[in-house]
Amino acid sequence: MHPLLFELPVPGGTRPIGSYGALFALALLLGGALFVSRAARAQLDLGRVMAALAIAIGGALAGAWLLFAVVEALRTGDVFAVLESGGRVFFGGLLGGALGSVIAARALKLPLATLADCAAPALPLGHAIGRLGCFFGGCCYGAPWDGALAVTYTDPSAPGAHPMLARHPWPLYESALLLAIAALVALVPSARLARGSAGARFALYAALYGMLRFALEPLRGDSVRGVVRGVSSSQLIGVIVALGAVAWLGRARRAST
Amino acid sequence: MGVGSIVLGVVSLLMMFGGILLTWLPVAGSILSFGAPVVALVGAVLGGISMSRAKQDGESGGAGTAGLIVSIIAFLFSLIFALTCGLCNALCTAGMVAGGSRRDAGAFSWTRGNRLDQLNIDDAGADDGALGVDPDVVSGSPPPAFPPPPAFPPPPAFPPPPLGSGGAQTVTPDAAVDTGEATTSSADTSSGQSQSLKRRRVRSTPPPSR
Chain A
7 MHPLLFELPV PGGTRPIGSY GALFALALLL GGALFVSRAA RAQLDLGRVM
57 AALAIAIGGA LAGAWLLFAV VEALRTGDVF AVLESGGRVF FGGLLGGALG
107 SVIAARALKL PLATLADCAA PALPLGHAIG RLGCFFGGCC YGAPWDGALA
157 VTYTDPSAPG AHPMLARHPW PLYESALLLA IAALVALVPS ARLARGSAGA
207 RFALYAALYG MLRFALEPLR GDSVRGVVRG VSSSQLIGVI VALGAVAWLG
257 RARRAST
Chain B
1063 MGVGSIVLGV VSLLMMFGGI LLTWLPVAGS ILSFGAPVVA LVGAVLGGIS
1113 MSRAKQDGES GGAGTAGLIV SIIAFLFSLI FALTCGLCNA LCTAGMVAGG
1163 SRRDAGAFSW TRGNRLDQLN IDDAGADDGA LGVDPDVVSG SPPPAFPPPP
1213 AFPPPPAFPP PPLGSGGAQT VTPDAAVDTG EATTSSADTS SGQSQSLKRR
1263 RVRSTPPPSR
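Line order of the protein sequences matches chains A and B.
Residue numbering for the first sequence follows my numbering, beginning at 7 and increasing consecutively.
Residue numbering for the second sequence follows my numbering, beginning at 1063 and increasing consecutively.
Where hints are given, some of them may not hold.
[Said to hold, decoys possible] Capping the alpha-carbon separation at 25 Å, the derived lysine to any residue pairs in SDA-like fashion look like this: (1) A/Lys115 with A/Ala68; (2) A/Lys115 with A/Arg47; (3) B/Lys1117 with A/Ala48; (4) B/Lys1117 with A/Leu116; (5) A/Lys115 with B/Val1065.
[Said to hold, decoys possible] Derived Cβ-Cβ restraints for the label pairs, each shown as a range: (6) B/Gly1124 with A/Arg47: 41 to 51 Å; (7) A/Leu185 with B/Asp1119: 20 to 30 Å; (8) B/Val1089 with A/Ala172: 33 to 43 Å; (9) A/Asp152 with B/Lys1117: 52 to 62 Å; (10) A/Ala48 with B/Asp1119: 16 to 26 Å; (11) A/Arg235 with B/Val1065: 54 to 64 Å; (12) B/Gly1124 with A/Leu36: 21 to 31 Å; (13) A/Leu80 with B/Gly1120: 46 to 56 Å; (14) A/Val237 with B/Gln1118: 44 to 54 Å; (15) A/Pro17 with B/Ile1135: 15 to 25 Å; (16) A/Ala189 with B/Ile1135: 22 to 32 Å; (17) A/Leu190 with B/Ile1135: 26 to 36 Å; (18) B/Leu1076 with A/Arg235: 46 to 56 Å.
Note that these hints are calculated values from the structure, not bench results.
For glycine and all other residues, C-beta sits at the position ideal for the given N, C-alpha and C.
Whenever a hint applies, use it, and build me the whole structure from the sequences.
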């Protein structure tokens, strides 16, 4: 892991460039490029698609921080702790991005379901790259474990290094599985997905990721963050998202017959 | 609209550079660092709409394309710096906004050491238990890399009251950890006492709810 990518010399000193920030930007770039290429294949107006993408990204960033802020404020009862932490939550980003996409699709007169299908493989691709950033930054680390794949975060600036224990390489697990979801969602024939219903590809992604997150969360070792009766906030949202997506797929399949 | 997009892209780049240079300045540094990607996104929206309209009208749309490209580049770079310089500045700004009421919680911190203390982590690996300390309150993103040393003198350290006065609960982490000279300049703080002071201060922070 390398939390610090390099030091940028500026007048009067240097500024650190973190691996997490760089990989986060790379995730948005590659995910965005895949989204736009699929939108071009779907013969959508690229100018409006780019505008919609910018609105969705803005919504996603705002949602990711807002959900984090709400969870953290509820947990600590301290609003200032939120300002100091600056974290983000993926499901908040997904919900914020979805809201931004709905607004953009209406304002720019774009088909929302087609946009969602174009985003379906791009989201897990970008998310997988972002999780690599988590790994290099030493955050979102795994539960203590002494198995063959265990990693030990040693850089003192990594949250996972306190205490310095062998752990599950949780970000790597999720990154690998997200890449598999991206490939599956991109390659599965439309006809097999609710008989080609628009939006089915996105629903497949949502169902798979919800289940993945629910299954992987116990290996993450977040005993503090948003756990209610043994279920973390991300697990709860993951189950709701997955069930909603499966129900939507079933209904679309019945409607298409 | 295309020209507006170019202008916003350039403004975003300028804000990004301002954020880099003014990382040490509370509030202003945060506004510049976090504002730059927002401005770039607005520029990208305008650029995209300009491209679309130009295509509908049968025009070239060069300005819209240029604005879109500038805005995308500005967004990506400004995001990287927002997640490093911007977060460092946010730490500083949060401490300033919190003011004196939270000084004993170590809000105004420039150093990693203090940040760990906020997270209720005993960096010395004390007896909190392996899972008893969970620094994942920063979940979703790592903390910013070590902030650069401030170009201006660090925030004022409040000298700890004498240990005998029972004032360990009110000792500021800034004084105890950030500025070694502040701790050691107190007449009665030998290194053992300093450790004891730090330990008591960490224990005085309430554990995170579970």
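Status of each hint after checking the structure:
1. A/Lys115 with A/Ala68: 23 Å, holds
2. A/Lys115 with A/Arg47: 18 Å, holds
3. B/Lys1117 with A/Ala48: Roughly 17 Å separates the two Cα atoms, so the pair holds.
4. B/Lys1117 with A/Leu116: With a Cα-Cα distance of about 16 Å, the restraint between B/Lys1117 and A/Leu116 holds, given a limit of 25 Å.
5. A/Lys115 with B/Val1065: 23 Å, holds
6. B/Gly1124 with A/Arg47: 41 to 51 Å: 25 Å, violated
7. A/Leu185 with B/Asp1119: 20 to 30 Å: For A/Leu185 and B/Asp1119 the Cβ distance comes to about 42 Å; the hint is violated.
8. B/Val1089 with A/Ala172: 33 to 43 Å: 42 Å, holds
9. A/Asp152 with B/Lys1117: 52 to 62 Å: Holds, since A/Asp152 and B/Lys1117 (Cβ atoms, about 59 Å apart) stay within the stated range.
10. A/Ala48 with B/Asp1119: 16 to 26 Å: Check passed, 23 Å falls within 16 to 26 Å.
11. A/Arg235 with B/Val1065: 54 to 64 Å: 56 Å, holds
12. B/Gly1124 with A/Leu36: 21 to 31 Å: Since the Cβ atoms of B/Gly1124 and A/Leu36 sit about 26 Å apart, the hinted range of 21 to 31 Å holds.
13. A/Leu80 with B/Gly1120: 46 to 56 Å: 54 Å, holds
14. A/Val237 with B/Gln1118: 44 to 54 Å: 50 Å, holds
15. A/Pro17 with B/Ile1135: 15 to 25 Å: 22 Å, holds
16. A/Ala189 with B/Ile1135: 22 to 32 Å: 29 Å, holds
17. A/Leu190 with B/Ile1135: 26 to 36 Å: 32 Å, holds
18. B/Leu1076 with A/Arg235: 46 to 56 Å: 50 Å, holds
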